[in-house]
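Asker: Sequence:
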Amino acid sequence: MFTVEEKNKDIIKALNKTKTEAYPDLEEDRRQRELMYKADRKKQRQQLEAAERKAKEEWKQQKDMRSYSTLLTRDNIEAAEKLEASADLSSVNAYEEDFM
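Residue numbers for the sequence shown follow numbering that gives the first Met the number 0, beginning at 0 and rising by one.
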């Protein structure tokens with residue numbers, strides 16, 4: 000431990016001039032911090048919900064793409080009935096080209 004025999008008054012005066020005592024409003028600081036955290040959580044929740052909606056929509060599109068409902072429409076069935084028989088393979092080739 001150090002003992003000071005004599006105080007340096009010039010240094011003490013300079014320190015006292017710059018000394019400030021803050022009395023922060025801790026309750027208001029806490030309230031502001033909670034509002035900030037609440038806004039962050041809300042933003043994260045909205046981003047998560049948006050991502051879930053997007054994933055659900057993509058899943059629905061993939062499900063529609065995999066289903067046969069688009070292939071078995073009335074127009075496609077009627078188009079197959081309208082094919083005419085011919086001696087060569089021209090009607091079959093036309094049907095196959097139309098299929099792709």
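Since the hints were made in silico from the structure, they are not lab data. Treat the hints loosely; a few may be bogus.
Just the calculated beta-carbon pair ranges, DEER-fashion [stated by the list, open to error]:
id : residue 1 : residue 2 : range
1  : E96       : Q61       : 23 to 31 Å
2  : A21       : K41       : 27 to 35 Å
3  : A49       : E95       : 38 to 46 Å
4  : Q60       : P23       : 28 to 36 Å
Keeping only pairs whose Cα atoms sit at most 20 Å apart, straight-line, the calculated PhoX-like set for lysine-lysine is [as the list claims (entries may be wrong)]:
id : residue 1 : residue 2
5  : K18       : K6
6  : K59       : K41
7  : K53       : K37
Each residue gets a CB set at the ideal place from its N, CA and C atoms; glycine is no exception.
Asker: Does each hint hold? Answer for all of them.
Answerer: Here is what the structure says about each hint:
Between E96 and Q61 the beta carbon distance is about 27 Å. The supplied range of 23 to 31 Å therefore holds. Evaluation of the 27 to 35 Å hint for A21 and K41 yields a pass: the beta carbon distance comes to about 31 Å. Under the hint 38 to 46 Å, the C-beta atoms of A49 and E95, about 44 Å apart, fit the expected range. Between Q60 and P23 the beta carbons are some 54 Å apart, a value that contradicts the proposed interval 28 to 36 Å.
Under the criterion of a C-alpha separation no larger than 20 Å, the hint pairing K18 with K6 is consistent with the structure, at around 18 Å. For the given pair, K59 sits about 27 Å from K41 by alpha-carbon distance, which is inconsistent with the 20 Å threshold. A hinted pair counts as satisfied when its Cα atoms are at most 20 Å apart, and K53 with K37 does not qualify at roughly 24 Å.
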